[in-house]
Amino acid sequence: MTMTAAPPTPTARLTRGKRTDPRSAVFAAALWLCLAAACVFLLIVLATIVAKGWHRFDLDLVDNQPSRLRPETAGVQSAIFGTLWVMGGTILLALPLGIGAAIYLEEYADSTKWWNKLIELNIQNLVAVPAIIYGILTLAFVVRGPISVGAVVIAGSVALALLILPVVIITTREALRAVPREIRDASLALGATQWQTTWRQVLPAAVSGIATGTILALSRAIGEAAPLILVGATVFVTVNPDGVLDRYTVLPVQIYRQVSLPGIEMEQLLWATILLLIVILLLMNGMAIWLRNRFQRRW
Amino acid sequence: MTTGPVTAGSLGAGSPPPAGPPIDLSTRRNRVGERIIKVLLAGSALLSVAITVGIAVALLTPLTTFFSNVGLGEFLTGTSWTAGFGDKSSWTDKDWGVLPLVLGTLSTTVIALLVAVPFGLGTAIYLSEYARPKVRKVLKPLLEILAGVPTVVYGVFALTIITPILQDLVGVEIFNNLSPGVVMGFMIIPTVASLSEDAMSAVPSALREGSYALGSNRMQTTLRVVFPAALSGIVAAIVLGISRAVGETMIVAIAAGNQPQFTFNPLVGAQTMTGFIAQVASGDAPQGSPVYYSLFAVGALLFVITLVINAISIALVRKFRQAY
Numbered sequence: 000m001t002m003t004a005a006p007p008t009p010t011a012r013l014t015r016g017k018r019t020d021p022r023s024a025v026f027a028a029a030l031w032l033c034l035a036a037a038c039v040f041l042l043i044v045l046a047t048i049v050a051k052g053w054h055r056f057d058l059d060l061v062d063n064q065p066s067r068l069r070p071e072t073a074g075v076q077s078a079i080f081g082t083l084w085v086m087g088g089t090i091l092l093a094l095p096l097g098i099g100a101a102i103y104l105e106e107y108a109d110s111t112k113w114w115n116k117l118i119e120l121n122i123q124n125l126v127a128v129p130a131i132i133y134g135i136l137t138l139a140f141v142v143r144g145p146i147s148v149g150a151v152v153i154a155g156s157v158a159l160a161l162l163i164l165p166v167v168i169i170t171t172r173e174a175l176r177a178v179p180r181e182i183r184d185a186s187l188a189l190g191a192t193q194w195q196t197t198w199r200q201v202l203p204a205a206v207s208g209i210a211t212g213t214i215l216a217l218s219r220a221i222g223e224a225a226p227l228i229l230v231g232a233t234v235f236v237t238v239n240p241d242g243v244l245d246r247y248t249v250l251p252v253q254i255y256r257q258v259s260l261p262g263i264e265m266e267q268l269l270w271a272t273i274l275l276l277i278v279i280l281l282l283m284n285g286m287a288i289w290l291r292n293r294f295q296r297r298w
Numbered sequence: 000m001t002t003g004p005v006t007a008g009s010l011g012a013g014s015p016p017p018a019g020p021p022i023d024l025s026t027r028r029n030r031v032g033e034r035i036i037k038v039l040l041a042g043s044a045l046l047s048v049a050i051t052v053g054i055a056v057a058l059l060t061p062l063t064t065f066f067s068n069v070g071l072g073e074f075l076t077g078t079s080w081t082a083g084f085g086d087k088s089s090w091t092d093k094d095w096g097v098l099p100l101v102l103g104t105l106s107t108t109v110i111a112l113l114v115a116v117p118f119g120l121g122t123a124i125y126l127s128e129y130a131r132p133k134v135r136k137v138l139k140p141l142l143e144i145l146a147g148v149p150t151v152v153y154g155v156f157a158l159t160i161i162t163p164i165l166q167d168l169v170g171v172e173i174f175n176n177l178s179p180g181v182v183m184g185f186m187i188i189p190t191v192a193s194l195s196e197d198a199m200s201a202v203p204s205a206l207r208e209g210s211y212a213l214g215s216n217r218m219q220t221t222l223r224v225v226f227p228a229a230l231s232g233i234v235a236a237i238v239l240g241i242s243r244a245v246g247e248t249m250i251v252a253i254a255a256g257n258q259p260q261f262t263f264n265p266l267v268g269a270q271t272m273t274g275f276i277a278q279v280a281s282g283d284a285p286q287g288s289p290v291y292y293s294l295f296a297v298g299a300l301l302f303v304i305t306l307v308i309n310a311i312s313i314a315l316v317r318k319f320r321q322a323y
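Chains as they are written, first to last, in numbering that gives the first Met the number 0: chain A, 0 to 298; chain B, 0 to 323.
Because the hints were derived from the structure by calculation, they are not lab data. Be aware that one or more of the hints could be misleading.
[Unchecked claim] Across the chosen pairs, the derived CB separations fall in these ranges:
| hint | chain 1 | residue 1 | chain 2 | residue 2 | range |
| --- | --- | --- | --- | --- | --- |
| 1 | A | 66 | B | 117 | 41 to 51 Å |
| 2 | B | 75 | A | 192 | 51 to 61 Å |
| 3 | A | 206 | B | 166 | 43 to 53 Å |
| 4 | B | 132 | A | 25 | 16 to 26 Å |
| 5 | A | 296 | B | 135 | 20 to 30 Å |
| 6 | A | 22 | B | 257 | 44 to 54 Å |
Glycine residues also receive a C-beta, built at the ideal position from the N, C-alpha and C atoms.
Given these sequences and hints, build the entire structure.
In structure tokens:
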């Protein structure tokens with residue numbers, strides 16, 4: 000403390016500059032509060048779901064079918080099987096098409112050509128199209144109209160596949176773009192064709208990124224109710240679907256239907272169904288994060 | 000294929016005759032498989048264009064029937080919407096003014112933005128300029144979960160948890176636009192935050208260092224240097240948030256009720272465009288009925304609105320990408 004009387008040295012001045020004035024402390028606190036508010040909101044939502052849902056979070060939920068007469072032991076088995084069937088179809092439709100489109104745009108297409116630019120712009124736009132519009136599209140072409148399969152499992156799969164297709168394309172492209180140019184060059188220099196290079200070198204190198212993006216896209220589809228309301232998942236279904244041409248319901252639509260049903264047992268069943276859906280989603284999200292951290296390669 | 004060495008016969012049908020030079024680099028081998036694969040891949044990319052065309056066709060075809068019974072002027076300027084009432088097969092006993100639905104969408108969207116923009120931007124600034132990398136690595140997945148909770152769950156949460164609280168605080172009706180608007184706002188925070196953070200992280204650190212060198216502190220640097228430099232990206236994030244709010248269906252279908260009302264008052268329930276589509280779809284409207292056609296008319300309006308919003312967002316993102 001011998002320096003107090005002396006004029007501050009350059010070092011001391013720099014240290015003093017670091018000291019925060021009250022206004023910027025308030026600013027930093029406000030920013031922190033914004034983030035805290037978002038996190039607290041999420042925690043309240045999750046805590047509410049657990050607190051209200053765990054009473055009925057038992058085997059009845061999985062074993063039994065929906066019932067208005069016995070809400071205290073009713074389950075959502077048809078919705079669980081419906082979700083599995085619909086998601087299976089969605090995976091089979093969206094993954095090959097989405098990954099194929101991404102490979103074309105990233106590995107084959109000349110991005111200076113106008114038609115390729117058009118495809119890119121179009122995909123950017125499709126990502127932000129409201130989910131319910133995909134329901135209208137499927138209603139007009141698949142449920143009724145040219146194909147007219149009716150309100151069955153495959154219609155739900157098509158609606159959700161259309162919904163997540165742009166997301167799958169965009170995340171797959173990002174994963175492919177992360178693979179260094181040199182790997183492709185080396186493979187081509189050794190005489191491999193473009194497809195051999197893509198199939199044996201680029202795709203294996205990008206597979207964890209593709210898997211992460213795909214799981215996140217599927218977790219969006221599994222919780223989506225809006226387009227499925229339009230393609231017939233609202234019906235009160237108490238049998239499990241046996242094929243892609245059977246009538247169906249899914250978990251989010253089951254939740255939507257149960258909201259308007261009265262009674263304390265119904266409400267408990269509703270929150271238990273929500274808890275089940277959230278558990279599935281958190282498991283999928285956790286798997287995506289684990290995949291990203293475990294297999295992410297840095298070149 | 001038990002023979003060890005590669006013979007001419009084991010190569011594909013398109014391989015050159017063995018009489019020529021061993022490897023001929025001058026001619027391209029005609030690989031049919033490669034070309035088929037390329038066509039298949041291009042086909043799956045073109046499918047995305049087909050989807051857009053399909054959306055346009057699906058929405059526009061029923062419009063001819065709708066607008067042969069309802070005037071375009073009445074649809075776009077009328078202040079009463081009673082499509083769900085009266086005789087199911089009659090066009091004439093209903094009011095077809097879409098403005099109440101548009102106003103319902105507008106009020107929930109504005110409320111959602113009042114929540115999402117300040118909180119989202121605050122979060123983005125904190126993550127981009129203040130948080131240490133370790134903190135960021137923990138918090139970003141948490142925000143992803145906030146965006147990943149199904150909207151139908153948020154709808155139930157709004158109706159059964161938030162609405163009773165608001166009833167005590169400000170006396171809202173059971174179905175109102177304030178509660179779904181607020182919940183939707185929290186749902187959109189990650190959308191606004193994540194894109195704004197990208198925009199601010201893309202600002203070169205040389206700009207920040209220049210600002211610090213001139214003696215400004217972190218707050219001044221953030222507000223006067225980083226924020227303006229990232230502005231077009233931030234606006235694009237907000238615009239994308241608007242598009243999410245306009246298109247959101249389940250939260251408003253559950254918590255805002257099914258009454259189309261020509262009002263901006265958030266304390267009462269006013270059905271939104273998406274809410275109407277969901278209501279008609281759950282009621283199993285008979286094909287060919289006026290209500291069935293009105294579903295497509297409202298859907299087309301919704302699509303056009305989001306298309307314009309998206310175009311603005313895409314243009315802004317391009318602008319900020321070219322900035323540095």
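Hint by hint, here is what the structure shows:
Against the hinted window of 41 to 51 Å, the Cβ-Cβ separation of residue 66 of chain A and residue 117 of chain B comes to about 46 Å, which satisfies the hint. Under the hint 51 to 61 Å, the C-beta atoms of residue 75 of chain B and residue 192 of chain A, about 56 Å apart, fit the expected range. Restraint check, residue 206 of chain A to residue 166 of chain B: a C-beta distance of roughly 51 Å satisfies the suggested window 43 to 53 Å. Between residue 132 of chain B and residue 25 of chain A the Cβ separation comes to about 25 Å, which falls inside the hinted range of 16 to 26 Å.
Distance hint for residue 296 of chain A and residue 135 of chain B: a CB-CB separation of about 21 Å, consistent with the stated range 20 to 30 Å. Here the CB-CB span from residue 22 of chain A to residue 257 of chain B is close to 48 Å, well matched to the stated 44 to 54 Å.
In terms of the numbered hints stated before, the structure departs from none.
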